[in-house]
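Enquirer: Single-letter residue listing:
Number of protein chains: 2
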Amino acid sequence: MSKLPSLKNLSYLLALHQHQNFNRAATACNVSQSTLSSGIQNLEEQLGCQLIERDHKSFLFTGMGEEVVEQARRILTSTEELLYFAQSQGKTMEGPLRIGCIPTIAPFLLGDLSKKLQRDYPNLQLNIREDTTTNLLHLLRNGELDVLVLALPIDIQGNQSYVLGRDPFKLVMHKTLAEKLEEPVQYNKLPDNSIFLLEKEHCLTGHAVAACELADSSKINPFTATSLHSLVQMADAGLGATFLPQMAIDRGILNGTDLVALKPTGKEASRDIGLVYRPTTNRRQTFRRFAEVVAQLLPEPLLE
Amino acid sequence: MSKLPSLKNLSYLLALHQHQNFNRAATACNVSQSTLSSGIQNLEEQLGCQLIERDHKSFLFTGMGEEVVEQARRILTSTEELLYFAQSQGKTMEGPLRIGCIPTIAPFLLGDLSKKLQRDYPNLQLNIREDTTTNLLHLLRNGELDVLVLALPIDIQGNQSYVLGRDPFKLVMHKTLAEKLEEPVQYNKLPDNSIFLLEKEHCLTGHAVAACELADSSKINPFTATSLHSLVQMADAGLGATFLPQMAIDRGILNGTDLVALKPTGKEASRDIGLVYRPTTNRRQTFRRFAEVVAQLLPEPLLE
DNA sequence: TCGTTTAATTAGTATTTTCGATTATGATAA
DNA sequence: TTATCATAATCGAAAATACTAATTAAACGA
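Heads up: the sequence lines are chains A and B, in that order. Sequential numbering of the first sequence, starting at 28, is according to our numbering. Sequential numbering of the second sequence, starting at 28, is according to our numbering.
It is possible that part of the hints are untrue.
In this list, chains with the same sequence are indistinguishable; a pair is considered to hold if it fits within one copy or across any two.
[To be verified] DMTMM-like, lysine to aspartate or glutamate: derived pairs with alpha carbons at most 25 Å apart:
id, residue 1, residue 2
1, K35, E240
2, K35, E94
3, K35, E72
4, K202, D158
5, K35, E107
These aren't lab readings, by the way, just hints derived from the structure by calculation.
Based on the provided sequences and hints, a complete structural model is requested.
Expert: Here's what the structure looks like:
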């Protein structure tokens, strides 16, 4: 069996991929350009295939090169995790914690969360990324994030997860519109096209439609918003109603508006908030503790 | 950030864990005992924690040492996979393929399968392990196997899977017992304690009970068998009936007996045969092609 | 007590890695 | 056109490291 590529050379490859320039990559690695250059050549020789195409002056990663980069990133991440795990003697709630969170949770959770975590666990270094579910899962897979706070259920693609709590949906509309309605609101009392939702990239939309038994799509306005705040503004302008998560309402998203929140139809009109992490992690203890802290900030904590 | 541990030292640690002896481990690594010894010490220093307890003469892995071994095994496996992937230029159906298979599938599949694979893909080196579902999943996780052929549904623990085909259950009994029965067999026509099953370690048992709607446990004999062949012998001796997968019957497990196979109750009286692999694999193409070959050998192939 | 087996240690050697300087190539500006 | 700049590859010397053989020290069994 031929010799394994060295982690050092793999990290050179990653740096080169990131900086797309030998000198800058070398600087980032704290080595000379020649070291990095020969490291890459070495790697290509060991792997027996071309990773980058050199066309004098510049270069380009080959398809294989890109694949190797992906794989190498995972290997290096695992090794870094091993190192950190051992160095911290497996202690919980220490070291960097890279959290991914979706846009319909992040603004209503992370403020209080990071305040609390920084107070109670000063050795925990938080690093937060807000993005769509799909992108976050990709970053998790590649080891660029440690743990995700998402709305479930979703396809977690080979990761592990558990539910932290429930976040009820409320039907939000201008108070003048709400006057003649009683809870739970029957959607057929609403005019057609009067319910506004987020773009379908946001899982909130799907979850709300499912949980609130909003089968009658004629009530849904085809115009979609890009954020909860624009939904609020549209509703406040009297254009119609919308669904908002209780979390957002609790953090005052309706303050200064003339909107009221009503209970919608659907006996489980809520979304689940859950934690997702790689099955190969060695930080389950930390994630568990983290989960408990997050759960305390949810409208309906649900953690055995 | 401190320096990453080297793959070499990690492999020394794995060898030591495997051989539990510095000399033998060193020999296995093709290095001298002193090299391995200092490699381990080096590693302990880098990781900043004790991995093995030395009590003069002998040694013992610490808890942390065991954890590090687990993690290191994954890292090395990934790196080996990367190496092989690159060296084979990502070609499919080449190189070693380490297959795990359960005892109620293996004997009726692997003969034909390996013959076929060796003929069509001479560059594929098969390596087959037969064990229980639980053990196979553990070996898969640790990178000691590449792909599993199992009966689904089961908890695949963060792995990925798909179904290859269906394998119907048949109720097998002595022909004299079968004379007065009609298909599908109503279990209440059978005497109490007359159905023999495998030990509960075999998932076949659970699958059969569920799929064949065998709720009435008074029919099940508490004595359990350890292999399908002993079930056959017990049934042939007239002790009672049993469930066998169609695969086994097709490969002639009833030859030379006075047993007949009847259709049992249950509108989906069958188990699914599926493939399981790590989500981080880079050999999906190979697994897919492999799956197609396996599917062709199943009673009811089911692969889109 | 002596010989055996074990892992750690030591000192010398071999190998690998790294750097700085240099070269070669193309792009850009004068 | 020529000079200048930026890029990546190459080369030889220096530094760091990995490795070995021989030795030590401790434990065990005959």
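Enquirer: Determine for every hint whether it applies to the structure shown.
Expert: Going through the hints against the structure:
In this homomeric assembly, K35 and E240 never come within 25 Å of each other (Cα to Cα): the closest approach is 54 Å inside a single copy and 57 Å across copies. Proximity of K35 to E94 under the C-alpha cut-off of 25 Å is found in both arrangements, the shortest distances being 18 Å within a copy and 23 Å between copies. For the identical chains of this complex, K35 and E72 are neighbours both inside a copy (15 Å) and across copies (19 Å), given an alpha-carbon limit of 25 Å. Proximity of K202 and D158 under a CA criterion of 25 Å is satisfied in neither setting, with 33 Å inside one chain copy and 65 Å between copies.
Taking CA atoms no more than 25 Å apart as the test, K35 paired with E107 passes in both settings, with 12 Å inside one copy and 15 Å between copies.
Checked against the numbered hints given earlier, this structure breaks hints 1 and 4; the rest are met.
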